[in-house]
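> Using the sequences and the hints, build the whole thing.
Just so you know, the sequences run in chain order A and B.
Sequential numbering from 367 applies to the first sequence in my numbering.
Sequential numbering from 178 applies to the second sequence in my numbering.
Simulated from the structure, these hints should not be mistaken for lab results.
Take these hints with a grain of salt, some might be off.
Counterexamples of contact, computed for chain B against chain A with all Cβ distances above 12 Å [said to hold, decoys possible]:
id, residue
1, E290
2, D353
3, N390
In silico lysine-lysine, DSS-like type, Cα no more than 25 Å apart, as pairs [as the list claims (entries may be wrong)]:
id, chain 1, residue 1, chain 2, residue 2
4, B, K179, B, K254
5, A, K431, B, K254
6, B, K218, B, K179
7, B, K299, B, K309
8, A, K440, B, K283
9, B, K218, B, K255
10, A, K431, B, K255
11, B, K286, A, K377
12, B, K300, B, K313
13, A, K407, B, K283
14, B, K286, A, K378
15, B, K313, B, K283
16, A, K378, A, K440
17, A, K377, B, K283
18, B, K199, B, K218
19, A, K415, A, K449
20, A, K378, B, K283
21, B, K212, A, K431
22, A, K371, A, K449
23, B, K335, B, K254
24, A, K407, B, K286
25, B, K212, B, K179
C-beta: ideal position from N, C-alpha, C; glycine also.
Residues per chain are reported as follows:
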Amino acid sequence: MYRAKIYVTLKKSVMDPQGSTVQHALESLGYEGVQNVRMGKYIELDIAKDDRDKAEEQVDEMCDKLLSNPVIEKYHFDLEELK
Amino acid sequence: MKFGVVTFPGSNCDHDCYSVTKDVMRQEVEYLWYKDRDLKKSDCIILPGGFSYGDYLRCGAIARFAPIMEEVIAFAKKGGPVIGICNGFQVLVESGLLPGALIRNKSLKFICEDVYLKVDNKKTLFSSCITKDVIKVPIAHGEGQYFADANVIEQLEKENRVVFRYSGPDGRVIDDFNPNGSLNNIAGIVSFEGNVMGMMPHPERCSEEILNNTDGRGIFESIVAGVSDRLI
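Listed below in structure tokens is the structure:
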């Protein structure tokens, strides 16, 4: 069993109005030097596979097919073995 | 001819589309349930507006894998006419039948208002009967900002596939009249083959006198004229 921690983020070329609004809010709270705020998604799921490579392969496929949209997003993930 | 209107869980404009095609256009129409795999011999499929699957994950991302969509995609790939309105447009880009993506409005606000659309291409199956150069049609969306890579935009423009652009009442296409931040003010596009169109504005909400606006009617008239021609 593996736990996948998946991060879906917007591609650089995609404008992120949410990120810039949050950045402005942080600035107005007085935090200086905050830059390039980008909002993304975090997805956690467990996958019942014994083989790490197979689990990785399946997470990749799920990300490409449904969890992220390659037109606007990219993703990366960490796999953690559950004992 | 016969229309098929798909109902996903969370669709809320399916009844409007049904009503316009039946009562205004006087054509046959049937609802197509998302779990079914039967297009009921429809000549044109409408993917209506709404919030399919609660807009979870991304708008249209889950609806795109509903059983009925397998049939709709096969139908479109064989040249069958498909129009996606609002959430339907989002389902079409998620399914890959149209290029690009629809992302959160630049203002982050849900916008519900009348906008003007410059009709940029009147030679499509969906616009051939539109008489005006600029039409007034309502929008109602939070995720309607059209985005695509620069090369896709260039290709769309080169192939004259932008059917509608947000404009002023006089047809000027400028930033001031861009409600959601869409690239090149794009409000509606057609597929390379010309049989699939997606648009964010709602023509089904402005096709009857009683609604004080009939500017959307030309889109349905175009489909009826175009498809009836094909059927003969």
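> Each hint: holds or not?
Going down the list of hints, with the structure as the test:
1. No beta-carbon of chain A is positioned within 12 Å of the beta-carbon of E290 of chain B; the least distance is around 19 Å.
2. No beta-carbon of chain A is positioned within 12 Å of the beta-carbon of D353 of chain B; the least distance is around 18 Å.
3. Taking the minimum C-beta to C-beta distance to chain A, about 30 Å, the non-interface status of N390 of chain B holds against the 12 Å cut.
4. Proposed proximity of K179 of chain B and K254 of chain B is supported: the alpha carbons are some 19 Å apart, at most 25 Å.
5. About 19 Å separates the Cα atoms of K431 of chain A and K254 of chain B, which keeps this hinted pair within 25 Å; it holds.
6. Our distance criterion of 25 Å between C-alpha atoms is met by K218 of chain B and K179 of chain B, whose separation comes to about 8 Å.
7. Pair hint K299 of chain B plus K309 of chain B holds up; C-alpha atoms about 10 Å apart against a cutoff of 25 Å.
8. Between K440 of chain A and K283 of chain B the alpha-carbon distance is near 20 Å, which keeps this suggested pair within the 25 Å criterion.
9. A hinted pair counts as satisfied when its Cα atoms are at most 25 Å apart, and K218 of chain B with K255 of chain B qualifies at roughly 14 Å.
10. Straight-line distance between C-alpha atoms of K431 of chain A and K255 of chain B comes to about 23 Å, which keeps the hinted pair within the 25 Å bound.
11. With a C-alpha separation of about 22 Å, the suggested pair K286 of chain B and K377 of chain A falls inside the 25 Å cut-off, and the hint holds.
12. About 19 Å separates the Cα atoms of K300 of chain B and K313 of chain B, which keeps this hinted pair within 25 Å; it holds.
13. Distance check on the hinted pair: K407 of chain A and K283 of chain B sit about 19 Å apart at the alpha-carbon level, within 25 Å; holds.
14. Our distance criterion of 25 Å between C-alpha atoms is met by K286 of chain B and K378 of chain A, whose separation comes to about 22 Å.
15. At roughly 21 Å between alpha-carbon atoms, K313 of chain B and K283 of chain B fall within 25 Å of each other, so this suggested pair holds.
16. Distance check on the hinted pair: K378 of chain A and K440 of chain A sit about 9 Å apart at the alpha-carbon level, within 25 Å; holds.
17. Restraint check for K377 of chain A and K283 of chain B: satisfied, since their Cα atoms lie roughly 16 Å apart, inside the 25 Å limit.
18. Straight-line distance between C-alpha atoms of K199 of chain B and K218 of chain B comes to about 16 Å, which keeps the hinted pair within the 25 Å bound.
19. Using a Cα cut-off of 25 Å, the hinted pair K415 of chain A and K449 of chain A holds, with the two alpha carbons roughly 12 Å apart.
20. Between K378 of chain A and K283 of chain B the alpha-carbon distance is near 16 Å, which keeps this suggested pair within the 25 Å criterion.
21. A C-alpha spacing of about 20 Å is found between K212 of chain B and K431 of chain A, which places the hinted pair at or below 25 Å, so the restraint holds.
22. Between the alpha carbons of K371 of chain A and K449 of chain A the distance comes to roughly 16 Å, so the proposed pair stays at or under 25 Å and holds.
23. A threshold of 25 Å between alpha carbons decides the hint, and for K335 of chain B with K254 of chain B the separation of about 22 Å falls inside it, so the pair holds.
24. Among the hinted pairs, K407 of chain A with K286 of chain B is consistent with the structure: their alpha-carbon atoms are about 20 Å apart, no more than 25 Å.
25. Among the hinted pairs, K212 of chain B with K179 of chain B is consistent with the structure: their alpha-carbon atoms are about 20 Å apart, no more than 25 Å.
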